[in-house]
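4 protein chains.
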Amino acid sequence: MSGSIYGKCFTISTWGESHGEGYGVVIDGCPAGLPLDESQIQAYLKRRKPGQSKFSTPRKEEDKVRILSGVFEGKTTGTPISLIVFNENQRSSDYSDIASYYRPGHADYTYDMKYGFRDYRGGGRSSGRETISRVAAGAIASAILKELGITVYAYTKSIGPVTIEYQKCRKEFSMQNPLYMPDLEAAKKAEEYIMEKQAENDSVGGVIECIVTGMPPGIGEPVFDKLDAALAKAVMSIGAVKGVEIGDGFQVTTRTGSENNDPFAYDQNKRLIKLTNHAGGILGGLSDGSEIILRAAIKPTASIGRPQRTANKNNENIEIQIVGRHDPIIVPRAVVVVESMVAITLVDFLFQGMTARMDRIKEFYNLYKQ
Amino acid sequence: MSGSIYGKCFTISTWGESHGEGYGVVIDGCPAGLPLDESQIQAYLKRRKPGQSKFSTPRKEEDKVRILSGVFEGKTTGTPISLIVFNENQRSSDYSDIASYYRPGHADYTYDMKYGFRDYRGGGRSSGRETISRVAAGAIASAILKELGITVYAYTKSIGPVTIEYQKCRKEFSMQNPLYMPDLEAAKKAEEYIMEKQAENDSVGGVIECIVTGMPPGIGEPVFDKLDAALAKAVMSIGAVKGVEIGDGFQVTTRTGSENNDPFAYDQNKRLIKLTNHAGGILGGLSDGSEIILRAAIKPTASIGRPQRTANKNNENIEIQIVGRHDPIIVPRAVVVVESMVAITLVDFLFQGMTARMDRIKEFYNLYKQ
Amino acid sequence: MSGSIYGKCFTISTWGESHGEGYGVVIDGCPAGLPLDESQIQAYLKRRKPGQSKFSTPRKEEDKVRILSGVFEGKTTGTPISLIVFNENQRSSDYSDIASYYRPGHADYTYDMKYGFRDYRGGGRSSGRETISRVAAGAIASAILKELGITVYAYTKSIGPVTIEYQKCRKEFSMQNPLYMPDLEAAKKAEEYIMEKQAENDSVGGVIECIVTGMPPGIGEPVFDKLDAALAKAVMSIGAVKGVEIGDGFQVTTRTGSENNDPFAYDQNKRLIKLTNHAGGILGGLSDGSEIILRAAIKPTASIGRPQRTANKNNENIEIQIVGRHDPIIVPRAVVVVESMVAITLVDFLFQGMTARMDRIKEFYNLYKQ
Amino acid sequence: MSGSIYGKCFTISTWGESHGEGYGVVIDGCPAGLPLDESQIQAYLKRRKPGQSKFSTPRKEEDKVRILSGVFEGKTTGTPISLIVFNENQRSSDYSDIASYYRPGHADYTYDMKYGFRDYRGGGRSSGRETISRVAAGAIASAILKELGITVYAYTKSIGPVTIEYQKCRKEFSMQNPLYMPDLEAAKKAEEYIMEKQAENDSVGGVIECIVTGMPPGIGEPVFDKLDAALAKAVMSIGAVKGVEIGDGFQVTTRTGSENNDPFAYDQNKRLIKLTNHAGGILGGLSDGSEIILRAAIKPTASIGRPQRTANKNNENIEIQIVGRHDPIIVPRAVVVVESMVAITLVDFLFQGMTARMDRIKEFYNLYKQ
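Protein chains in written order, with the working numbering: chain A, 1 to 370; chain B, 1 to 370; chain C, 1 to 370; chain D, 1 to 370.
Errors might be hidden in some of the hints.
Because identical chains share one entry, a pair is satisfied inside a single copy or across any pair of copies.
Distance condition first, Cα-Cα at most 27 Å in a straight line; then the derived DSS-like pairs of lysine-lysine [unchecked claim]:
#: 1; residue 1: Lys-171; residue 2: Lys-46
#: 2; residue 1: Lys-313; residue 2: Lys-362
#: 3; residue 1: Lys-369; residue 2: Lys-171
#: 4; residue 1: Lys-75; residue 2: Lys-146
#: 5; residue 1: Lys-369; residue 2: Lys-75
#: 6; residue 1: Lys-313; residue 2: Lys-49
#: 7; residue 1: Lys-8; residue 2: Lys-362
#: 8; residue 1: Lys-270; residue 2: Lys-188
#: 9; residue 1: Lys-64; residue 2: Lys-188
#: 10; residue 1: Lys-313; residue 2: Lys-75
#: 11; residue 1: Lys-369; residue 2: Lys-270
#: 12; residue 1: Lys-369; residue 2: Lys-313
#: 13; residue 1: Lys-313; residue 2: Lys-270
#: 14; residue 1: Lys-168; residue 2: Lys-189
#: 15; residue 1: Lys-189; residue 2: Lys-46
#: 16; residue 1: Lys-189; residue 2: Lys-64
It is worth saying that the hints were derived from the structure and are not from the lab.
If we strip away everything but chain A, and leave its shape as in the complex, we get (with noise of 0.2 Å):
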């Protein structure tokens, strides 16, 4: 059945493998009248492409976008906006010998019992170039956030053990290391941990946290539609991602209710805030107006030029050697997927959001009607 498709107001519809033609993505439902052009999604794409950093395969690949669709004298038509990003550099010889096996943390094994057989040249579907859709409509999702003076800011917030806290961190220092970790000395602890697992043939995980800045309050559809709820989809359905947290997430299990509950209060302003942020941005599932915090919880690699113990497709136990350089961390080019996610679900709620009130709607048609 249909899982390629993302989006109640704001849908997305994916395509493309690893070694296919290239990826794309069809964005039906953007607005009508919003600025845009192809140097705003390749932005974006650079920031997810292959072959800029030690840490990322070699792999020189343009990731050229081009706009199919929906787009006319610079702006969007509100019709649909078709994206194209053609493969290039792809050498399906590399993988002949891994259609016969299933290799450990990869989904070879989960696709030939669903579908009954895989494109196996580079994971097909289930590569992580699958992320280039994503980030693609990601780009066009923020453009429109930025219209509403609203941020997604995703950063790596640890790489095995380093660990780094947002409030010592200067965001933009995130663009200024291949980590995008905003605290430049921590970056470099985590470089060397890098590069000494990477030197025994092995890979490692971490953390990203992203913060939405400007939401405005009231956003997010009770009771399965919360807003937390989709964010934990969202960010889970990256491959890789093995936990979501919102505000402070498992710590609050050992919390008593009077500290981790947060006061409201009004400011000098009057202005109504709350005085702590352990909620994370989001109450009974609507964003109660503060920073909206989360965190993916990104798993090592799974290809490792280590030797692993598998098994083939003539029922045999082997062992297996990943050939081909990988990247030893996935956490760094996720980020800005972590940040397309969570700004493509933002958008589709803030549209959700616009038919909540019957005063508002009834206003709404008077402005404009004729």
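With chain A's structure known, arrange chains B, C and D on it following the hints.
Relative to chain A, chains B, C and D alone:
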């Protein structure tokens, strides 16, 4: 916009407020021919019923369910099943003053922002009583899973600092203590911890773990409706949940690939198994045939007897003290809610999974050609 | 799979069978702040109630509606609205023999094929009484449309050979005769025709026309969710409807383009109008600001007193005679059902239409920024 | 809001404009293991291609389709199938002046109202070329139906006053004349009629009939997603369609129940059949095993060479004359579009129908248990 509807093939639509006429759910897409009577559903509701132990609110509610449609001569007919639980014993007078201010940790403020006003009696739609509808539907989903040999088992894994290991538990112990903790010694310690905090007019949190056995491999719909993504949404949509993990969850972030990958192997019966299960039974968003394992972080009850600072609607910062007795912990009563949301999600995805292969579809329709 | 749920933004979920406990509908996505009480809904239900004239079944049912959720202090709260009508006066014994054979023109056979068995009492889920749920929801949709200055008016356009022209009708006459025909002379002729056929133990069909005024232009979602496509589905989903036309409908097939095109022009107030309305108020799947006009073809009642040939479940060809009195015509009671389905659909699309333009979305959120 | 996505289980997402880069469709939910190559799709596209007869625009477009994803080694993989047809031979200069006014019978005005502006080149998204995406997806749906022994056949039933009877036709004649009319004598008369109107710079309409054979009984999802309701939407969503009928359609409105009911009977092979088929193969919204019959009313081409009155954007009433050659009739090229929309809808509902019975679901999963 519509947010109280859940599921694509097996769809539930819930309604009800704490102090309205009652709660209900319409299940649309339940297959015909499933034996069903009210006692099956009542047994599930009993597990979330208040007034059963010293740790749950003493309101004595029967929460008696009625089947209003979709069942004929003891079997489901394939048409929508409407279930209703009428409210009893609700005293609106208790809640009169909370209309004027925003309780910390509750949805009072965010509902006001979204809808312009709120049914303040007992939290209205945002009350935990909303889960009655989920559990009633969950009972039916569980009956379907049982026919397919699949079991969903959730339990209290931790309460405050008291944590237990699944490997050391005996499932049957769950039902022998009011905390649904399958380690009676730990349960005793947890009980003491709760009483201590309760004496301080405070509340505590904890972790629920859920284990699914018997799930066939290949269930899930990449790339957005991955099984783990869907389960994350299902569980995060339950009030009070602040984090979700699959398999080893956040622990994987400090592991290496060689530690985290689960090797495949054939066992002595030539059945393919995984030698470890760090992945928690899901690879590439598809079930892999091993146990599915997930955990939910439950925050401490927001309603506490202690004085708390907050703001009212007259632009004043005030101190409040919430009267009435509230559960000092949400965890035990939420166990069956987690089980229900997982069961509903699994049924939906098992149904979705039936169209994955052309050969099976063909065989299906050949079998039933008249 | 789920099929009793309708609408994307304004979503209704219906349930109930002819001889079950009752009928109901859950409306999810109704905006907060709409004044609503049971009498408004009852007024709509009255128009489809049986036992009101010599042409409708003499079963005296009250069809009394209750609001179970979603309304607080006389206003909708934005949360799901659950409506219920308990069945009364259902005698299951009347239907015992129809369990064994397939009534011509009914869903007996097809339900057996789909579900394996059926609730045969009074047609079960396939009974015309199912429209109670639609009309109850339609009453709420109509209340929303009224706030936006939009009216939906349906009437009996033809009964057998007796046809009337909208231009010659006076709306207020609709309510003055049991056939909802706004031309009293024609109504009299139609009445005679029905009585003639009724005397022969036979039944008759007819056409319902529906006119929408006050609809803003630009509503509809190309290319699949065009407004005309959505209306066609809405109306065709009503039992007994065998055809749907928009504007001049099938008549256009023998016209030329120059005859059929509606010229645009500015009127003396410089408002853009269409000089004719062959298109029925929809161009390119979007409302064009003129009256929306659609017609539904209603088949003659399938239950007739005459002897009919059919087959039973014992592989025998038999002759049956359906006992009990049935409406000799469906049309008059279906008028309010057509109105309801059109109203529900329009509300859903008005809500969908709010996200079509970036400038309006921006203005919307600026207006309501706290 | 999203409106270019169609189907629940077999979902298509289309994009493209008349003078953009091209047209495409992403098919999500196509089962794995279906043999598929570009030539199968090209054969369908050929039937709607322009420039093939004197009655279609002389633009010579190749409309060459490419499969970009979802197919591996000649078979579908179960992942999204992306199809693209690049535009060629589009001269935007031809359309420069239509930017300033609203063509009668077109979507120019309504698109402006909805989106604030429009891609005016060749009608942009509202162009009939949009059906390329539908037909490409329809080819795949038809391939699935073929595997299940189901055929969908549409043909030109009438052009202006020239009407034919299905009973007198021979299917194979359809392909032997440019009008897809399976009665060669009638086709000749229709041709003359078209030429006559074309000489007057005018256009003509007609009726398309579609017949489905081999459909198993019990397919459809009451009460809103009835098969006839879904087909009505599918067909009405095609531009230029103004009416849809199932079975005898509007004719039933002047019939009596005894004339209109189709008697059931066992044939000599003890198979249950209907002795007549006024219902058009659908009872209670479910397929009944006999032929499904539907008709679509197609309006005359809106673009005509004759002078027409209309309004421009400067508040002026003007007279226009549309230059360039346009098809004098839409019907023949729409035949394959109707077939496609019906095929897509049937596949979607066959997939939906797989979860109707618990016993079959159980058997399904037992069969495929590893």
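Structure-based check of all given hints:
Taking CA atoms no more than 27 Å apart as the test, Lys-171 paired with Lys-46 passes inside one copy only; the shortest distance there is 18 Å, against 50 Å between copies. When the C-alpha separation of Lys-313 and Lys-362 is checked against a cutoff of 27 Å, the pair qualifies only between copies, where the shortest distance is 25 Å, while the shortest distance within a copy is 63 Å. Taking the closest pair of Cα atoms, Lys-369 and Lys-171 come within 27 Å of each other only across two copies (26 Å); inside a single copy the shortest separation is 44 Å, beyond that limit. For a Cα distance limit of 27 Å, the shortest separation of Lys-75 from Lys-146 inside one copy, 15 Å, qualifies, whereas the shortest one across copies, 35 Å, does not.
For the homomeric pair Lys-369 and Lys-75, the shortest alpha-carbon distances inside one copy (24 Å) and between copies (26 Å) are both at most 27 Å. Proximity of Lys-313 and Lys-49 under a CA criterion of 27 Å is satisfied in neither setting, with 33 Å inside one chain copy and 46 Å between copies. Both within a single protomer and between protomers do Lys-8 and Lys-362 lie at most 27 Å apart by alpha-carbon distance, with minima of 23 Å and 19 Å respectively. For a Cα distance limit of 27 Å, the shortest separation of Lys-270 from Lys-188 qualifies neither inside one copy, at 44 Å, nor across copies, at 48 Å.
In the homo-oligomer, the alpha carbons of Lys-64 and Lys-188 never lie at most 27 Å apart, since the shortest distance is 31 Å inside one protomer and 53 Å across protomers. When the C-alpha separation of Lys-313 and Lys-75 is checked against a cutoff of 27 Å, the pair qualifies only between copies, where the shortest distance is 20 Å, while the shortest distance within a copy is 51 Å. Taking the shortest Cα distances, Lys-369 and Lys-270 sit within 27 Å of each other only across copies (15 Å), while inside one copy they are farther apart (36 Å). Taking the shortest Cα distances, Lys-369 and Lys-313 sit within 27 Å of each other only across copies (17 Å), while inside one copy they are farther apart (65 Å).
For the identical chains of this complex, Lys-313 and Lys-270 are inter-copy neighbours only, at 11 Å across copies versus 68 Å inside a copy, given an alpha-carbon limit of 27 Å. With identical chains, the CA atoms of Lys-168 and Lys-189 are at most 27 Å apart within one copy only, with a shortest distance of 16 Å there and 38 Å across copies. In the homo-oligomer, the alpha carbons of Lys-189 and Lys-46 lie at most 27 Å apart inside one protomer (25 Å), although the nearest pairing across protomers, at 53 Å, exceeds that limit. For a Cα distance limit of 27 Å, the shortest separation of Lys-189 from Lys-64 qualifies neither inside one copy, at 33 Å, nor across copies, at 54 Å.
Hint compliance for this structure: hints 6, 8, 9 and 16 are broken, all remaining hints hold.
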